[in-house]
Amino acid sequence: MGTAKLLSAIHFRPIPFIVQNSLQKLQIGKTQYKPYPKSLRNLATDLIKSYFQKGLTEEAHKLFDEMSERDVVTWTAMISGYTSSYHHTRAWTVFCDMLRNGVEPNAFTISSVLKACKKMKSLSRGTLVHGLAIKTGTKGSLYVDNALIDMYGSCDSMDDASMVFEDINAKNCVSWTTLIAGYTHNGDAYSGLQLFRRMLLEEAEANPFTFSIAVRACTSIGSDILGKLVHAAVICHGFESSLPVMNSILDMYCRCGCTSEAKQIFLEMSQKNLITWNTLIAGFERLDSKESLYIFSQMESDGFSPNCFTFTSVVAACANLAVLYCGQQLHGGIFRRGLNNNLELSNALIDMYAKCGSITDSHKIFSEMSCTNLVSWTSMMIGYGAHGHGKKAVELFNEMVRSGIKPDKVVFMAVLSACSHAGLVDEGLRYFRLMKSYYNVTPDQEIYVCVVDLLGRAGRINEAYQLMETMPFKPNEAAWVALLGACEAHRLPSTVKLSALKVLDLKPNRVGTYVMLSNLYAAVGKWGSFANLRKLMRGTGDKKEAARSWIELKNQVYSFVVGDNIVFQNGQVHEVLELLVIHMKEAGYVPNLDSFLHDLEDGT
DNA sequence: CTAGGGTTAG
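In terms of UniProt numbering, the first sequence has 129 at position 129, counting the first letter as 1, and numbering is strictly consecutive.
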């Protein structure tokens, strides 16, 4: 019976005992023909491999258990099967069993188990295997050495990775690429690029893999200048035809903010795939959300079908633009395509609905998710915070902790900001203390700014100022801006002046600060200082953009600034705005017209 | 039976 035939027979309905029968039948010939046992094992190994490829790990395990004779190849097939199907710990267990059974590992085994160590991020086990590789003489095989580089690189041990690399006398392309990737993934992209340069100088053979990781290194540094150099090298080596390489170049230009370069590359690319479109759409979501929606419509008319990556970006674009109707339409498309179970996409939808003002829809998505992660909870809490439901955000935090998810820095920023906007000062301060003492998260500068804001908004300016003095950082611009806003809101002219001057010291061109300060001078009748400051402001060359508001009405977004005659744009918009003003007055809102008057005098 | 690369969220 041929292997192929046997394999196809069990393809759809794997029944191990049938296989076992077949194997036993084959064993009849064992006494007559010596080579049979070996081919028998080969056949079983082929089966194991085939089971793993189909994702049938249990079947592979059963067959392995039923085998009377196993050689290195069989053991290795199990190890590499488990490793490539994300059962790293089981791969390790099999490896240990193998050693206990007295089977000596070969180069195949060692590189497979090193991959498992890499996935487990276990430096201790990886180092153990390194020693074993030396003992068994398998170190020296390029496969083993390259796997060692990769393992050390993934376990944040770049010195060891580099040592193994330098020890190889016949380095190949994989050796170079793996080490470059190691540096880049460890946040040391400069060393990665330095190595890449050395590689080109030594005229080692580079392939598309090498170039895409080099481009990625430039992206993580955020340097389009280096990126352009690598791009030139790509052209010199004739890898412009490689789609992965061009996709990473496109990503690099997007993330470095080079809008026109990104567009040009995209237009010039002779072949594009879904990843190409997704990269461009994701890039423009960050740079120009409106444009990313336009690109999305082009993609569909170009015959590409969006996947969850695509939708995640365009949903985020809707969140940035606060266009609810558009977001709802996308949500419909997501549902039709059955993508509504994707974790990242659901997280983006939570954020979108919250930013578009529909917090109930955010919660509906959140509550219907089959699995959630830290980001899901955080998005929901940020949504509640922005809608003024500080209590709900805090409740959610406690529920999250109870469900066994460990909070990180961003969650605490969400809690603190929610407390700040809901006036839950003491609650916020309690979490700030627990953050260090109980959750073991070290507060950074951004967290301190949140707490300054928390105290400031509540009018506890002195405490806010004290915290700024005692925090382990020199107060940055953001901290002073938070204090400045608080002082202004609580009408404390002397502290406004102090903090405004501090902000100007740290960021001389911040026009908003000049505006606040000049309004302050005007309020106390110091017209001379007021005029001086306004003059200074013009000298900064940084113009304050007029504050823009917008309203979405019947699938159309209308934006306007002070003084726009909205009746001309659309009578209905005007009506809606009038209604809003009535509601606001009913709710007791008294507009602050202090600064408004001065702006009129200034003629702006 | 063995090694390296391209797109997603707070």
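By construction, these hints were calculated from the structure, which means they are not laboratory data. A virtual CB, placed ideally from N, CA and C, is assigned to each residue, including glycine. Accuracy of the hints is not assured; some may be wrong.
[Said to hold, decoys possible] Under the rule of at most 30 Å between Cα atoms (straight-line distance), these lysine-lysine pairs were calculated in the BS3-like manner: (1) Lys409 - Lys364; (2) Lys139 - Lys171; (3) Lys392 - Lys585.
[Claimed, not checked] Beta-carbon label-pair distances, calculated as ranges: (4) Phe473 - Leu287: 49 to 55 Å; (5) Asn476 - Gln572: 52 to 58 Å; (6) Thr360 - Lys406: 45 to 51 Å; (7) Tyr325 - Lys406: 35 to 41 Å; (8) Lys526 - Gly222: 40 to 46 Å; (9) Asp167 - Ser220: 23 to 29 Å; (10) Lys526 - Ser403: 55 to 61 Å; (11) Thr360 - Asn207: 21 to 27 Å; (12) Ser403 - Trp527: 23 to 29 Å.
Checked hints:
For the hint pairing Lys409 with Lys364, the CA-to-CA distance comes to about 26 Å; that is within 30 Å, so the pair holds. The hinted pair formed by Lys139 and Lys171 meets the criterion: a straight-line CA distance of about 14 Å does not exceed 30 Å. Only pairs whose Cα atoms come within 30 Å are accepted, and Lys392 paired with Lys585 is accepted, the gap being roughly 27 Å. Roughly 30 Å separates the CB atoms of Phe473 and Leu287, a value that falls outside the hinted 49 to 55 Å.
Checked against the hint of 52 to 58 Å, the pair Asn476 and Gln572 fails, with Cβ atoms roughly 45 Å apart. Look at Thr360 against Lys406: about 28 Å separates their beta carbons, and that is not inside 45 to 51 Å. A hinted range of 35 to 41 Å holds for the C-beta pair Tyr325 and Lys406, which are about 37 Å apart. A hinted range of 40 to 46 Å for the beta carbons of Lys526 and Gly222 is consistent with their spacing of about 44 Å.
Here the CB-CB span from Asp167 to Ser220 is close to 27 Å, well matched to the stated 23 to 29 Å. Between Lys526 and Ser403 the CB atoms are about 56 Å apart, so this pair conforms to the stated range of 55 to 61 Å. At roughly 52 Å, the beta carbons of Thr360 and Asn207 sit outside the given window of 21 to 27 Å. The hint said 23 to 29 Å for the Cβ distance between Ser403 and Trp527, and at roughly 60 Å that hint is violated.
Violated hints for the displayed structure, listed by number in ascending order: 4, 5, 6, 11, 12.
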